[in-house]
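Protein chains in written order, with our numbering: chain A, 110 to 449; chain B, 110 to 449.
Simulated from the structure, these hints should not be mistaken for laboratory data.
Owing to the predicted nature of the structure, the values given are computational and were not obtained by experimental measurement.
Be careful, since some hints might not be right.
Copies of the same chain look alike in the list, so a pair counts if it works inside one copy or between any two.
DSS-like mimics (lysine-lysine), calculated; alpha carbons at most 30 Å apart, straight line [what the hints assert, rightly or not]:
id, residue 1, residue 2
1, K224, K417
2, K256, K415
3, K318, K256
4, K313, K365
5, K365, K318
6, K124, K258
7, K303, K281
8, K303, K415
9, K224, K415
10, K201, K415
11, K118, K417
12, K201, K313
Number of protein chains: 2
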Amino acid sequence: MPTTNRQWKLAARPKDLVTPDVLQLSDSPLLPLEDGQALARVKYFSIDPTMRIWMADIPQYMPPVQLGEVMRSFGLAEVTESRNPSFKEGDKLVGFTGLQEYLVVTGKEPNPFQKAPSIPFLSDSNFLGTLGLNGLTAYFGLLDVGKPKSGETLVVSAAAGATGSIAGQIGKIQGCRVVGIAGSDEKCKWVKDKLGFDTAINYKSPDWKAQLVAATPSGVDINFENVGGEVMHGVLDRMNLNGRVVLCGLISGYSKAGSSEVDPTLASFGNILMRRLRVQGFIVIDYVSRFMEAGQQLGMWKMTGKIKDRQTIVQGFEKAPEAINMLFQGSNIGKLLIQL
Amino acid sequence: MPTTNRQWKLAARPKDLVTPDVLQLSDSPLLPLEDGQALARVKYFSIDPTMRIWMADIPQYMPPVQLGEVMRSFGLAEVTESRNPSFKEGDKLVGFTGLQEYLVVTGKEPNPFQKAPSIPFLSDSNFLGTLGLNGLTAYFGLLDVGKPKSGETLVVSAAAGATGSIAGQIGKIQGCRVVGIAGSDEKCKWVKDKLGFDTAINYKSPDWKAQLVAATPSGVDINFENVGGEVMHGVLDRMNLNGRVVLCGLISGYSKAGSSEVDPTLASFGNILMRRLRVQGFIVIDYVSRFMEAGQQLGMWKMTGKIKDRQTIVQGFEKAPEAINMLFQGSNIGKLLIQL
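Construct the complete structure from the given sequences, taking the supplied hints into account.
Okay, here's the thing in structure tokens:
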């Protein structure tokens, strides 16, 4: 049994990309196994954008990694020695291995490891991608949140990434027209020629927005968003009425996570993502067929004093322009009216 | 019968507030009524933030008002003369009157007028506020989109406005803790003392965000958002997991609508609003209980070739920091892994 474990520990919080001071390589001793423990050696680390978020001391969907801790990561490890009947030599474990060569497992981890089965034609590493969190993210994000219907147009950003590439293909299986957005011609070619996306756009082309318009003649019904920022703004500008945005990632902003340079917009979309908010645009004219129902209820509340109101009434037809400005200057309380 | 109608016409598109060149007062002749027509005189105009949007030549939920047209507005008018059996003298009509003193109605308008009934204790003008579009907006926006549950915390911005003031009171009727945000101490006092909000915060106070934290000890479950910008960013920062944002208005940005000064963020939230998009933050760990279902389907798709994938594999434990950066530099295609 090995006696030393190499580990990448979080030594400083990054300000942008991961500079050499951020992760520190160190050795820690591996003690002989006790009853109930098993030793596993990592074969693959999954490298994911969210790791940059875990490094930042900001509210997020899991606790941030603390300084001095082994950096969190997903990975696949193989059991090499066991004093626990639930783990046998050769078992493949998928889960939070951390960025270290070895790990001691007990089966009592707060996020238990899954055993990866041996399946013909599948390599172990598939359990970190297509059959792992990326595939699962694409599957639930697109099907459960995006709710695609055959014939709809789906735009996927970071289309050549581990998640986007699967999301687009699931969109094709559902009968959607699928447009990918990626950052190089090579990526676009792969997505189009090998994965069967209907088309792909390199957002580094100066005319990418015009290309997006041409590629989405019926607008966009679903945006599977992995990028945020300018790319997302451009896609939102093509969305159809009642479209759906699966806000799955905001990689364009991640390298600034935790720095003071984050603009509030990005922070707001970050909050929507991390806290799984549902933000829904609402305009009352969509509810015309139910106005009668609401009017009766409102009238009842008003007449029984459960709802009170107040009016700011401006006298005179000629006051219309000033009255409109009052709204934006905050000079009215309650309902603003002009009386003629 | 009068022979002249005064009208406010859109003469120029505003760049910010409504300057004197934007709306032009002009006279137009009123011809004697023909069969099927009725004449109505406006008693009240409803003055609404959305009027500023209608003035801008940008995509929106109705066609923008064209230059030279009578400015669109909602209002209440009384029939003064009729040659149409559906309209009687004294009838009160609620709908798109336009900013003009008189209008000729036929009953064939694309947006038909509603007749306001005479109800004891209700004044005509209530049909433009609490029982009109503002009340209806608060009703459907909060109940249908926000889906409040008793005990939840609701934050309403523009809380002293025509819509926000009703939305907050409906929140109280539903058993929510309701916090209003408004732009003056007088407004806050009205909302709290007269309307029964639990508390109200003046966003012009330098410490309004600290006040918001204190006012929402259990976080925010629902944001009924009328304002956008800094106010909205601050509220989003207090949202609870799976919170809901009813994006009903973005008045902080309306006075810039149609100008080149609109920043892309605001434009994006504008798109979410105008196109009634649903934007939903998504993180796959919420679906742990269904991973088995998805894994089987993904495995089937992968093995039958319906889903293809690709890996970028970096060799060696010591490469971890560089590998993480590859994600943000766009240097991987497909799944990025480190093999040990």
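Outcome of the hint check:
1. With identical chains, the CA atoms of K224 and K417 are at most 30 Å apart between copies only, with a shortest distance of 23 Å across copies and 61 Å within one.
2. Taking the closest pair of Cα atoms, K256 and K415 come within 30 Å of each other only across two copies (19 Å); inside a single copy the shortest separation is 39 Å, beyond that limit.
3. Taking the shortest Cα distances, K318 and K256 sit within 30 Å of each other inside one copy (25 Å), while across copies they are farther apart (36 Å).
4. In the homo-oligomer, the alpha carbons of K313 and K365 lie at most 30 Å apart both inside one protomer (20 Å) and across protomers (29 Å), since each shortest distance falls under that limit.
5. Taking the closest pair of Cα atoms, K365 and K318 come within 30 Å of each other both inside a single copy (25 Å) and across two copies (23 Å).
6. For the identical chains of this complex, K124 and K258 are neighbours neither inside a copy (42 Å) nor across copies (40 Å), given an alpha-carbon limit of 30 Å.
7. Proximity of K303 and K281 under a CA criterion of 30 Å is satisfied intra-copy only: 13 Å inside one chain copy versus 56 Å between copies.
8. In this assembly of identical chains, the alpha carbons of K303 and K415 lie at most 30 Å apart only when taken from different copies (11 Å versus 62 Å within one copy).
9. When the C-alpha separation of K224 and K415 is checked against a cutoff of 30 Å, the pair qualifies only between copies, where the shortest distance is 25 Å, while the shortest distance within a copy is 58 Å.
10. In this homomeric assembly, K201 and K415 come within 30 Å of each other (Cα to Cα) only across copies, at 26 Å, whereas the closest approach inside a single copy is 63 Å.
11. Neither within a single protomer nor between protomers do K118 and K417 lie at most 30 Å apart by alpha-carbon distance, with minima of 59 Å and 34 Å respectively.
12. In this assembly of identical chains, the alpha carbons of K201 and K313 never lie at most 30 Å apart, being 40 Å within a copy and 58 Å across copies at closest.
In this structure, the hints that do not hold are numbers 6, 11 and 12, in rising order.
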